[in-house]
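Protein chains: 2
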Amino acid sequence: MNRVARMLVTSAIAAAAIALLLATAPGRADNAASPIFGVKIPQGYRAFPLIGVSQIPSFGEIRGIVGNVRAVKAYRAGTLPFPDGTVLVKLAWKHVPLDGVEGAFVSGTPTKVQVMVKDAKKFSATGGWGFGSFTDGKPGDVAEHQACFACHDARAGKSRDYVFTRFAR
Amino acid sequence: MNRVARMLVTSAIAAAAIALLLATAPGRADNAASPIFGVKIPQGYRAFPLIGVSQIPSFGEIRGIVGNVRAVKAYRAGTLPFPDGTVLVKLAWKHVPLDGVEGAFVSGTPTKVQVMVKDAKKFSATGGWGFGSFTDGKPGDVAEHQACFACHDARAGKSRDYVFTRFAR
Chain A
1 MNRVARMLVT SAIAAAAIAL LLATAPGRAD NAASPIFGVK IPQGYRAFPL
51 IGVSQIPSFG EIRGIVGNVR AVKAYRAGTL PFPDGTVLVK LAWKHVPLDG
101 VEGAFVSGTP TKVQVMVKDA KKFSATGGWG FGSFTDGKPG DVAEHQACFA
151 CHDARAGKSR DYVFTRFAR
Chain B
170 MNRVARMLVT SAIAAAAIAL LLATAPGRAD NAASPIFGVK IPQGYRAFPL
220 IGVSQIPSFG EIRGIVGNVR AVKAYRAGTL PFPDGTVLVK LAWKHVPLDG
270 VEGAFVSGTP TKVQVMVKDA KKFSATGGWG FGSFTDGKPG DVAEHQACFA
320 CHDARAGKSR DYVFTRFAR
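Those protein sequences? They're chains A and B, same order as listed. In terms of the working numbering, the first sequence has 127 at position 127, counting the first letter as 1, and numbering is strictly consecutive. In terms of the working numbering, the second sequence has 286 at position 117, counting the first letter as 1, and numbering is strictly consecutive.
Accuracy of the hints is not assured; some may be wrong.
[Said to hold, decoys possible] For lysine-lysine, the following BS3-like pairs were computed, each having C-alpha atoms within a straight-line distance of at most 27 Å:
| no. | chain 1 | residue 1 | chain 2 | residue 2 |
| --- | --- | --- | --- | --- |
| 1 | B | K263 | A | K40 |
| 2 | A | K90 | B | K307 |
| 3 | A | K112 | B | K242 |
| 4 | A | K112 | B | K259 |
| 5 | B | K281 | A | K73 |
| 6 | B | K327 | A | K73 |
| 7 | B | K209 | A | K94 |
| 8 | A | K90 | B | K327 |
| 9 | A | K90 | B | K259 |
| 10 | B | K242 | A | K73 |
| 11 | B | K242 | A | K90 |
| 12 | A | K73 | B | K259 |
| 13 | A | K94 | B | K281 |
No lab work stands behind these hints: they were computed from the structure.
So here's chain A without its partners, still in its complex pose:
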């Protein structure tokens, strides 16, 4: 085998390892799609890079927002609006005390997994974003999904392409 072929094989093995990790990443991904948008929990989302973290103390919640490679590239380049194919996933958990460190809290029981998928044409009525909100892998109802864009529109707005989360340095 020549050098180029060896390099290709090595790269293919590396890609396969990462692909396997993505494909088999734990999570509650299943085949249920959200109403209105038909958005599913993306396969491998638990292996997506971290975009930022957030908390709403009054909800007793702590969250991690992750994104696919396209999302990370867009954040890093400052691309707005986000390109088609961007996927953002917010993982929310009840915060629970950290065993061993008084005053510290960590992610406990998961509450929701919420997904935003960019497709400017398909989701043109909602700023180009399709939404999915899942509890234990099951999508919420129509009313819950009608509220998604209304809130992102009013509170994040078009200038941020309806996305709350900034990339945490």
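Given chain A's structure and the hints, the job is docking chain B onto it.
This is chain B only, laid out in the frame that chain A set:
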């Protein structure tokens, strides 16, 4: 080009895209190594998968803990102690109010990047872990690094392989 060759090329391109993302991921990685342990900020850590999130309200901090592929695999398989080559990185930020959502907080100014690297032989005196604590890419002093294992030993303990963070489902 035959099918196998095409597949190898496609895989190589995918691997190259991910490798490029890892290699050029933003962050404060530089060449400075921690005292005592000689641990550096790992290249591409900002593209590592999310392990869990945490907060210490009295510090006004919110954190995200990420890990390399070996770390994620060990968490998923429940492997303890973690295998050599495991890398965990805690990213800490001041929490700041989220513009547009009253009562919500997000990651703001970064405070520290803290690294744990597993090498059972090299770091046998400290539970097999090497530590690095960085502010703006610069490692802290000897005293700071002497405190790492003392605290992980006393508060997380050997039964958790001196690691506080659990994998957030």
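The hints, checked one at a time:
no.	hint	in the structure
1	K263/B - K40/A	violated, 33 Å
2	K90/A - K307/B	violated, 31 Å
3	K112/A - K242/B	holds, 24 Å
4	K112/A - K259/B	holds, 23 Å
5	K281/B - K73/A	holds, 24 Å
6	K327/B - K73/A	violated, 39 Å
7	K209/B - K94/A	violated, 33 Å
8	K90/A - K327/B	violated, 32 Å
9	K90/A - K259/B	holds, 19 Å
10	K242/B - K73/A	holds, 25 Å
11	K242/B - K90/A	holds, 22 Å
12	K73/A - K259/B	holds, 22 Å
13	K94/A - K281/B	holds, 24 Å
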